[in-house]
Amino acid sequence: MSNTPAIRRWKRPPFITNPTLRWGLWVGTAIYLAFAFGTMEVDWGRVSEGAVRGQRFIASFFPPDFTSRWESIRDGILESMWMTITSTVVGIILSVPVGLGAARNLSWRPVYLLCRGVLAVSRTFPEIILAIFFVKLFGFGPFAGFLALSVGTIGFYGKLLAEDIESMDPVQAEAIKSVGAGWLQWLNYSVQPQVMPRMIGLGIYRLDINFRESAVVGIVGGGGIGATLLTSFDRYEFDSAAAILLIIIGIVMVLEYTSGYIREWVQ
Amino acid sequence: MPVVHKAGTKIWQRRSTRAQLAVWFGWLLGVAIFVYCWRLISEKTIWFFVMDAPVQAADMAERMVPPKWSYMEQLWGPVWDTINIATLGTMIAIVIAVPVAFCAARNTTPSRTLVRPVALFIIVSSRSINSLIWALMLVTLIGPGVLAGVIAIGLRSIGFCAKLLYEAIEEIDQNQVEAIIATGAARSQQLSFGIVPQILPAFAGISVFRWDINIRESTVLGLVGAGGIGLQLDASISTLAWTQVSLILLVILATVIVSEWVSARVRHAII
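Read top to bottom, the protein sequences are chains W and D.
Residue 202 in my numbering is what sits at position 202 of the first sequence, and the numbering runs on without skipping anything.
Residue 200 in my numbering is what sits at position 200 of the second sequence, and the numbering runs on without skipping anything.
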């Protein structure tokens, strides 16, 4: 070590150690950005026109107009809530068998593959695309939105349930089996207590997600507050729109705080 | 331990009688709420259409096959737009989310009473409004097009990125920061040599994860006019061109699977 030069500056080690990969990433990003901006068509005249509207929109938040469309806002919010609750409950109930089947340590191979397939398909398409098709099939109204949200819930909850079961402690499961428990008793006394705290938390989180999604399925005719919101934007009634947005934010905040509370309480 | 005496022998129970009652009552309440909500929804449903659905589904499925492969030529542009919306939107989100996250983390915020609540409010309001609603607003404000989509995705992702990032910042190892302080580093140097190296893997992971989610979300932004493949989907559905719809769905499926694969590979390489 004595023949190293006396003055050596320390350099921070790079995040990506391979220099080819590092520089390649930079160059690739630069080329990509050039192409992306090159092909993006932006009508700047229209954008600058939007600045005026934007000011009006922001101004309409002070104060938002809760009263003049109160009837339809209230109906929309209530409908969203019913959809949220029913779709979360139904989705979770349906996702339990799928999740059990998709856990590698519980089910045998064909069932596992089938359930994983169901989960993958129901997770791929956004709820809103599902809602479009359900509206076509089942007609306008909250039922279509309810179905779309339920399918979304199955994909989300089933996958997480399966992963949770796969990572559970096998020792406890074995202990219950060794006292001669049947399959259902085994599930009830060894699997369920281990996954329950996390799954309750996730269930409430999904309730939260479903409420947010229920605000958009209305845009394609699936019921809920989305339809009211779309109408108020189409009529340029920004003050009503602001009121709806504030209500949504408020409800989501309440849900988020309660879910944090309940999760702490469960664990 | 909850035990009941029955004919002189002790029998173990999972819960005491009171806890058992409470659980039953909870279930009763839950079921009652569910039934009530269900009735309200079913009142608003025209059950004739629901009964008719299997026929409709069969009819639609029949019209959807085979996908109109020649339509693919017109889809490359929208797919490229969709990817751009997701990528540029994620970039915008990251640029804004980083300072917000540093303001929201308990150990780096400049002021716990003033700055932190503001940062938390930004996070919550960005998260609670769906990207489709952001797009709806932006389309009315700056007109339809890719730009509205990019900004909508950006605004929606700020909350997600900032939330995960500030949680990562709060979980850092304080000893390393202390070591940097001990060398006499200024606050900005503490940040760049003590904190940033610790959260960089989490940061990269969060960005890629969000990019993956954004690809999925940007496929539908076109429904409200914000560019991407959703525009074609909307147009094809309204003209009842079902063979085009099935092709678009396949393309969306493929895009989502590829992006998920890329994201999983990158996260695997980082962590």
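The set of hints was computed from the structure by calculation and includes no laboratory data.
Incorrect hints may appear among the rest.
With a cut-off of at most 30 angstroms between alpha-carbon atoms, the simulated DSS-like pairs for lysine-lysine come out as follows [claimed, not checked]: (1) K6(D) x K136(W); (2) K163(D) x K159(W); (3) K177(W) x K6(D); (4) K159(W) x K177(W); (5) K10(D) x K177(W).
Remember, it's a predicted structure, so these values are computed and weren't measured experimentally.
Results of checking the hints against the structure:
Using a Cα cut-off of 30 angstroms, the hinted pair K6(D) and K136(W) is violated, with the two alpha carbons roughly 59 angstroms apart. The straight-line distance between the Cα atoms of K163(D) and K159(W) is roughly 23 angstroms, inside the 30 angstroms bound, and the hint therefore holds. Only pairs whose Cα atoms come within 30 angstroms are accepted, and K177(W) paired with K6(D) is accepted, the gap being roughly 26 angstroms. Using a Cα cut-off of 30 angstroms, the hinted pair K159(W) and K177(W) holds, with the two alpha carbons roughly 25 angstroms apart.
As the CA atoms of K10(D) and K177(W) are separated by approximately 23 angstroms, the hinted pair is consistent with the 30 angstroms bound.
Violation of the numbered hints given earlier is confined to hint 1; every other hint is satisfied by the structure.
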